[in-house]
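Sequences are here, hints too, so could you generate the full structure?
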Amino acid sequence: MVAVTHDESAYAPPAETEEVELHHAHTFIEKYVFSQDAKWIGIQYGTTALAIGLVGLALSAVMRLQLGFPGTFSFITPSNYLQAVSMHGLIMVIYLLTALFLGGFGNYLIPLMIGARDMVFPIMNMLSYWLYFLAVLILVASFFVPGGATGSGWTLYPPAAILPGTPGSGLGIVLTLVSLAVFIIGFTMGGLNYVVTVLQARARGMTLMRLPLTVWGIFTATIMALLAFPALFVSVLMMLLDQTLGTSFFMPSLVLTGQHLDYSGGNPILFQHLFWYFGHPEVYIVALPAFGIASDLISTHARKAIFGYRMMVWAILIIGGLSFAVWAHHMFVSGMNLYFGFFFATTTLIIAIPTALKVYNWVLTLWRGNIHFTVPMLFAIGFVFTFVNGGLSGLFLGNVPVDVPLAHTLFVVAHFHMVMAVSPVLVFFGAIYHWYPKITGRMLDDTMGRIHFWVTFIGAYCIFFPMHYLGFLGVPRRYYALDTAPFVPASAQELNAEISIAALIVGAFQLLFIYNVIWSYFKGKPAGTNPWRATTLEWQTAHTPPQHGNFGETLPAVYRWAYDYSVPGAAEDFIPQNQPPAARADSAGSAR
Amino acid sequence: MMTPLVVVVSIMAVAMIWLLRQTVNVKPWIEEQAVESAPSGASFSLPPATVGLGVFLAVATSLFVLTICAYFMRMMAADWRTFVFPSVLWLNTGLLILSDLAMRSARAASRRGKIDRVRAGLIATGVLSFAFLAGQIWAWQQLNASGYFTTADVGGAVAAGPANSFFYLFTALHGLHVLGGLWVWGRTTVRVWQGANAARVRLSVELCTVYWHYLLVVWLVLLALLIPAISELCRGRLSF
Numbered sequence: 001m002v003a004v005t006h007d008e009s010a011y012a013p014p015a016e017t018e019e020v021e022l023h024h025a026h027t028f029i030e031k032y033v034f035s036q037d038a039k040w041i042g043i044q045y046g047t048t049a050l051a052i053g054l055v056g057l058a059l060s061a062v063m064r065l066q067l068g069f070p071g072t073f074s075f076i077t078p079s080n081y082l083q084a085v086s087m088h089g090l091i092m093v094i095y096l097l098t099a100l101f102l103g104g105f106g107n108y109l110i111p112l113m114i115g116a117r118d119m120v121f122p123i124m125n126m127l128s129y130w131l132y133f134l135a136v137l138i139l140v141a142s143f144f145v146p147g148g149a150t151g152s153g154w155t156l157y158p159p160a161a162i163l164p165g166t167p168g169s170g171l172g173i174v175l176t177l178v179s180l181a182v183f184i185i186g187f188t189m190g191g192l193n194y195v196v197t198v199l200q201a202r203a204r205g206m207t208l209m210r211l212p213l214t215v216w217g218i219f220t221a222t223i224m225a226l227l228a229f230p231a232l233f234v235s236v237l238m239m240l241l242d243q244t245l246g247t248s249f250f251m252p253s254l255v256l257t258g259q260h261l262d263y264s265g266g267n268p269i270l271f272q273h274l275f276w277y278f279g280h281p282e283v284y285i286v287a288l289p290a291f292g293i294a295s296d297l298i299s300t301h302a303r304k305a306i307f308g309y310r311m312m313v314w315a316i317l318i319i320g321g322l323s324f325a326v327w328a329h330h331m332f333v334s335g336m337n338l339y340f341g342f343f344f345a346t347t348t349l350i351i352a353i354p355t356a357l358k359v360y361n362w363v364l365t366l367w368r369g370n371i372h373f374t375v376p377m378l379f380a381i382g383f384v385f386t387f388v389n390g391g392l393s394g395l396f397l398g399n400v401p402v403d404v405p406l407a408h409t410l411f412v413v414a415h416f417h418m419v420m421a422v423s424p425v426l427v428f429f430g431a432i433y434h435w436y437p438k439i440t441g442r443m444l445d446d447t448m449g450r451i452h453f454w455v456t457f458i459g460a461y462c463i464f465f466p467m468h469y470l471g472f473l474g475v476p477r478r479y480y481a482l483d484t485a486p487f488v489p490a491s492a493q494e495l496n497a498e499i500s501i502a503a504l505i506v507g508a509f510q511l512l513f514i515y516n517v518i519w520s521y522f523k524g525k526p527a528g529t530n531p532w533r534a535t536t537l538e539w540q541t542a543h544t545p546p547q548h549g550n551f552g553e554t555l556p557a558v559y560r561w562a563y564d565y566s567v568p569g570a571a572e573d574f575i576p577q578n579q580p581p582a583a584r585a586d587s588a589g590s591a592r
Numbered sequence: 001m002m003t004p005l006v007v008v009v010s011i012m013a014v015a016m017i018w019l020l021r022q023t024v025n026v027k028p029w030i031e032e033q034a035v036e037s038a039p040s041g042a043s044f045s046l047p048p049a050t051v052g053l054g055v056f057l058a059v060a061t062s063l064f065v066l067t068i069c070a071y072f073m074r075m076m077a078a079d080w081r082t083f084v085f086p087s088v089l090w091l092n093t094g095l096l097i098l099s100d101l102a103m104r105s106a107r108a109a110s111r112r113g114k115i116d117r118v119r120a121g122l123i124a125t126g127v128l129s130f131a132f133l134a135g136q137i138w139a140w141q142q143l144n145a146s147g148y149f150t151t152a153d154v155g156g157a158v159a160a161g162p163a164n165s166f167f168y169l170f171t172a173l174h175g176l177h178v179l180g181g182l183w184v185w186g187r188t189t190v191r192v193w194q195g196a197n198a199a200r201v202r203l204s205v206e207l208c209t210v211y212w213h214y215l216l217v218v219w220l221v222l223l224a225l226l227i228p229a230i231s232e233l234c235r236g237r238l239s240f
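Protein chains in written order, with the working numbering: chain A, 1 to 592; chain B, 1 to 240.
A few of these clues could be false.
Stated by the list, open to error - If you only want the chain B side, here are some residues facing chain A, beta carbon under 10 Å, derived:
1. 11
2. 43
3. 49
4. 55
5. 65
6. 78
7. 166
Treat the hints as calculated values from the structure; they're not laboratory data. Heads up, the beta-carbon is just placed ideally off N, CA and C, and yes, glycines get one too.
Okay, structure coming up:
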């Protein structure tokens with residue numbers, strides 16, 4: 001299939017790519033605090049996101065304790081419960097997953113994978129991280145103000161979000177809104193960097209179609225985020241004005257405890273439209289980088305070229321485009337024109353086509369591959385299973401008549417956790433096990449990794465699979481306690497208790513992962529430059545971890561795509577992207 | 001209602017079609033390529049800052065378009081009242097047009113390498129832009145003085161009506177973008193002051209000019225939507 005040329009003229013000198021002037025850090029603060037090195041900014045993003053993610057995990061434990069054993073824990077009041085639900089959602093979707101995939105992996109991997117020395121606007125990149133950090137601090141501060149954090153759900157629907165009676169309707173919601181606005185400004189700075197870096201700073205020979213799918217996923221997700229976040233930004237500003245200055249963008253005229261409030265004519269549905277215009281692309285902003293990373297993990301650890309690379313790229317682009325035309329499927333129960341519902345149900349179901357195409361291609365990549373069941377591979381395969389499960393329940397919810405009775409039940413919770421919580425998180429873990437050797441120079445411990453995988457994978461199914469059944473029974477989501485709902489059988493409570501126990505076990509085992517990350521940093525097996533024998537450029541750096549400037553004296557030149565695994569006639573079962581054509585037969589093994 | 005959405009959809013369509021065009025008929029798995037024949041790493045033969053500005057303008061357009069969508073949707077409510085148009089806005093519009101023209105003259109001078117003219121153009125741009133912002137704040141004051149802006153406790157914001165709320169939102173968002181432009185303008189002006197020659201600041205001046213054009217176009221659209229006759233026309237067409 002691959003034409004092997006041994007033409008002498010194919011040898012080429014290293015490409016002359018315009019060198020950029022790098023900012024060289026001299027002090028500790030320049031190097032580790034206000035760093036302009038994308039790799040370090042990526043690590044800063046990642047650790048901050050994980051820290052706030054642990055808060056989100058603890059909040060889910062609060063929710064599960066209450067749902068599994070209602071009335072047992074006196075410190076969980078109805079208000080606390082609602083606050084835990086809301087902040088868990090906000091933290092996990094925006095401050096953990098978005099920041100982790102785009103800010104963390106985007107910063108670390110984009111320059112390395114495309115063969116650049118750094119991002120094109122390093123100062124803006126640094127500001128991006130510090131604004132994100134500030135946004136996290138403001139969000140955390142909202143826990144400690146009078147009235148506490150907001151309890152209006154992660155979607156912050158008005159009018160409830162800013163009416164007295166909802167927990168945190170005072171300073172809590174104000175701080176949340178300010179935090180979101182700061183986050184968006186910070187993200188825009190980072191996002192501009194990722195897009196322009198991918199477009200303009202690729203190494204010579206690195207055409208768009210030679211990019212690893214990881215970069216395609218992050219790149220497309222960033223474009224989507226740049227166009228979608230403004231919707232959240234403007235709705236956040238308008239709600240902030242409604243709350244603080246008494247405007248009526250979203251607030252209708254209301255009578256509260258016999259008193260007519262100073263609002264009139266506002267449109268709460270307007271907020272829902274703006275929110276979901278951001279909110280649905282957000283699902284894919286999290287999912288597309290995960291798709292890309294999973295593709296690379298599967299290909300590398302199955303020692304086989306990704307099946308249908310071009311289709312994978314097109315699927316990413318089509319999913320990205322379509323996801324802007326489906327937002328109102330989150331609003332089927334808000335009341336809408338029937339034809340609107342029909343339109344949005346149709347577009348929603350059409351997304352299943354490119355998504356299914358990706359799943360087939362992952363499976364076909366595995367087919368007759370030389371599968372290595374390494375820890376990253378286990379997580380990647382776990383992701384494919386989980387994503388299929390979550391996607392299938394999405395087909396149910398995409399249909400209006402099925403969605404209407406299920407919309408307010410745990411079925412929806414089960415669906416979106418499978419598809420956009422467990423799936424991306426599995427990819428995230430796989431990616432950490434895969435790239436940790438490059439980031440630190442040491443391998444993560446394999447045994448701990450395997451235990452972590454199996455507990456997380458099986459545990460996630462123990463949590464979310466039974467939840468589908470609870471949803472079918474009509475058990476409502478967001479409720480503090482069911483008390484005596486006649487249609488819910490008593491056995492539902494036993495299932496709830498089982499889910500809680502599984503959730504607590506899975507939560508506790510994430511500490512093993514953190515222990516592994518810290519332990520391996522000091523005691524892990526030295527990794528060498530390219531422990532997975534991978535083709536992409538980040539594994540071909542002279543130093544591990546890569547130094548400031550990423551590559552040595554000269555930037556790499558790229559001669560081939562990222563998936564030359566098990567090429568017939570080649571000496572090794574992989575050919576690095578920067579290996580010149582004719583040299584490969586004899587020196588694939590000795591490539592750096 | 002549909003017009004603004006078409007704008008956002010077109011931005012996405014342009015991006016997606018451009019990307020798809022890069023990918024058809026490319027078979028990266030077939031053959032490695034010798035590097036002499038390989039294209040350079042950049043997709044556009046433009047400096048990164050130019051591409052960055054282009055992407056940023058797409059983001060800003062998305063923001064303004066969505067705000068306008070919200071304006072149209074909110075317009076359909078029964079409590080909509082015609083905006084009391086502060087006449088100072090005409091003066092402000094004139095100032096912004098003049099600052100844009102000053103920026104253009106700075107660009108023309110930088111192309112011809114005349115650094116003195118660049119400096120004069122930049123200073124005029126800055127003075128006129130700050131005057132524009134001051135004028136906007138004056139417009140806020142005018143509305144406030146006529147009782148159209150007070151906090152909720154006396155029911156003022158409601159009495160003023162949602163159109164006024166949108167006026168404040170539009171001008172604040174646009175004003176923040178002007179301030180962002182003035183930050184870059186400030187850095188460029190400082191460099192000219194410190195003796196940079198025309199060639200060194202040329203890119204900054206070019207990009208500032210593009211941005212000032214953009215600020216002017218956005219302001220003209222927002223202004224048009226606020227003019228009572230036009231907003232009533234839009235409202236009539238929306239609430240059929």
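We went through each hint and held it up to the structure:
no., hint, verdict
1, 11, "7 Å, holds"
2, 43, "5 Å, holds"
3, 49, "8 Å, holds"
4, 55, "5 Å, holds"
5, 65, "8 Å, holds"
6, 78, "6 Å, holds"
7, 166, "8 Å, holds"
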